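Participant: As you go down the protein sequences, you meet chains A and B in turn. Position 107 of the first sequence, counted from 1, bears residue number 107 in this note's numbering, the numbering being contiguous throughout. Position 38 of the second sequence, counted from 1, bears residue number 38 in this note's numbering, the numbering being contiguous throughout.
No lab work stands behind these hints: they were computed from the structure. All values derive from a computational prediction rather than experimental measurement. Quick reminder that beta carbons are idealized off the backbone N, C-alpha and C, glycines included. Hints are not guaranteed to be accurate.
[Claimed, not checked] Heads up, simulated BS3-like pairs for lysine-lysine below, C-alpha to C-alpha not over 25 Å straight-line:
1) A:Lys-42 x B:Lys-53
2) A:Lys-56 x B:Lys-70
3) A:Lys-56 x B:Lys-71
4) B:Lys-57 x A:Lys-2
5) B:Lys-13 x A:Lys-96
6) A:Lys-96 x A:Lys-42
7) B:Lys-3 x A:Lys-96
8) B:Lys-55 x B:Lys-71
9) A:Lys-2 x B:Lys-13
[What the hints assert, rightly or not] So these bits of chain B aren't anywhere near chain A, every CB distance computed over 12 Å:
10) Val-4
11) Leu-11
12) Lys-13
13) Glu-17
14) Arg-44
15) Glu-62
16) Leu-90
17) Gln-108
[Stated by the list, open to error] Covered stretches of chain A (in silico footprint by chain B; criterion: 3 or more residues with CB under 8 Å from a CB of chain B, positions within the stretch not fixed):
18) 75-85
19) 96-109
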Amino acid sequence: QKEVEQDPGPLSVPEGAIVSLNCTYSNSAFQYFMWYRQYSRKGPELLMYTYSSGNKEDGRFTAQVDKSSKYISLFIRDSQPSDSATYLCAMSGDYKLSFGAGTTVTVRA
Amino acid sequence: DVKVTQSSRYLVKRTGEKVFLECVQDMDHENMFWYRQDPGLGLRLIYFSYDVKMKEKGDIPEGYSVSREKKERFSLILESASTNQTSMYLCASNHPRGDIIIKGPETQYFGPGTRLLVL
């Protein structure tokens, strides 16, 4: 069983829709939770970071962590075609990261 | 802005060749990492280094070695390339004592990747 499970999709939504992405994990030692965005043929870039249970908002993006359920989510409101990318969850208890497989999202204009 | 650069964007090599992938970061980061990324498998850690001349095996080190002679440069070496090493290779770096307040101690900064094809 992988430490981090993420549905690879793909996910296709119309412009303006809410995108919901999820990851589950098995390692209770994970303390830091991140979402990376990766455009085609580019390296991943950090989108959101959190270290506690609860919600964190940044513009149209909301990251949610539920440590008791070992479940994290990313919501994208009012999605735009420029949000089309692969989204990777990542988590860590030390300086090494464990990544999900990534979910490919396409936002249709 | 943090910049991580990789020596090649695309590389085509033959089975059995020795392959060098270079990574350079310009932010004086202590930790550097090499990953490979394959569809459905996500990023898997090959090796990492927490200081010059120091290295640790990641999850899939077989068939690879690394070299870190200078703080800013981390090289991945495929001693004898095989077709199952065809993949996207990503280098990353971070500074465990930096960016803590804003971005957390674990945030890694990635290069653009090298897409390697072994024939």
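Participant: Each hint: holds or not?
Facilitator: A quick look at each hint next to the structure:
Between the alpha carbons of Lys-42 (chain A) and Lys-53 (chain B) the distance comes to roughly 28 Å, so the proposed pair goes past 25 Å and is violated. For a cut-off of 25 Å, the pair hint linking Lys-56 (chain A) to Lys-70 (chain B) is broken: about 38 Å separates their Cα positions. For a cut-off of 25 Å, the pair hint linking Lys-56 (chain A) to Lys-71 (chain B) is broken: about 34 Å separates their Cα positions. Only pairs whose Cα atoms come within 25 Å are accepted, and Lys-57 (chain B) paired with Lys-2 (chain A) is accepted, the gap being roughly 18 Å.
Distance check on the hinted pair: Lys-13 (chain B) and Lys-96 (chain A) sit about 30 Å apart at the alpha-carbon level, beyond 25 Å; violated. For a cut-off of 25 Å, the pair hint linking Lys-96 (chain A) to Lys-42 (chain A) stands: about 21 Å separates their Cα positions. Restraint check: the Cα-Cα separation between Lys-3 (chain B) and Lys-96 (chain A) comes to about 20 Å, which is no more than 25 Å; the hinted pair holds. The suggested pairing of Lys-55 (chain B) with Lys-71 (chain B) holds, with an alpha-carbon distance near 12 Å, which does not exceed 25 Å.
With a CA separation close to 31 Å, the supplied pair Lys-2 (chain A) and Lys-13 (chain B) exceeds the 25 Å bound. Distance check for Val-4 (chain B) against chain A: the nearest CB is about 7 Å away, which does not clear 12 Å, and the non-interface claim fails. Every beta carbon of chain A lies more than 12 Å from that of Leu-11 (chain B), the smallest distance being close to 14 Å; the non-interface claim holds. Its beta-carbon lying about 19 Å from the closest one in chain A, Lys-13 (chain B) satisfies the requirement of being farther than 12 Å from that chain.
Consistency note on Glu-17 (chain B): stated as away from chain A, and its beta-carbon is indeed over 12 Å from all of that chain's, at 24 Å minimum. Against chain A, the non-interface label of Arg-44 (chain B) is violated: not every CB pair exceeds 12 Å, the least being about 8 Å. No beta-carbon of chain A comes within 12 Å of the beta-carbon of Glu-62 (chain B); the shortest separation is about 18 Å. Its beta-carbon lying about 6 Å from the closest one in chain A, Leu-90 (chain B) breaks the requirement of being farther than 12 Å from that chain.
A cut-off of 12 Å between C-beta atoms contradicts the statement that Gln-108 (chain B) is not in contact with chain A; the least separation is 6 Å. Counting residues of the segment 75-85 of chain A whose C-beta lies closer than 8 Å to any C-beta of chain B gives 0; at least three are required, and the coverage claim is violated. Here's how the segment 96-109 of chain A fares: 6 of its residues keep a CB closer than 8 Å to some CB of chain B, so the rule of at least three is met and the hint holds.
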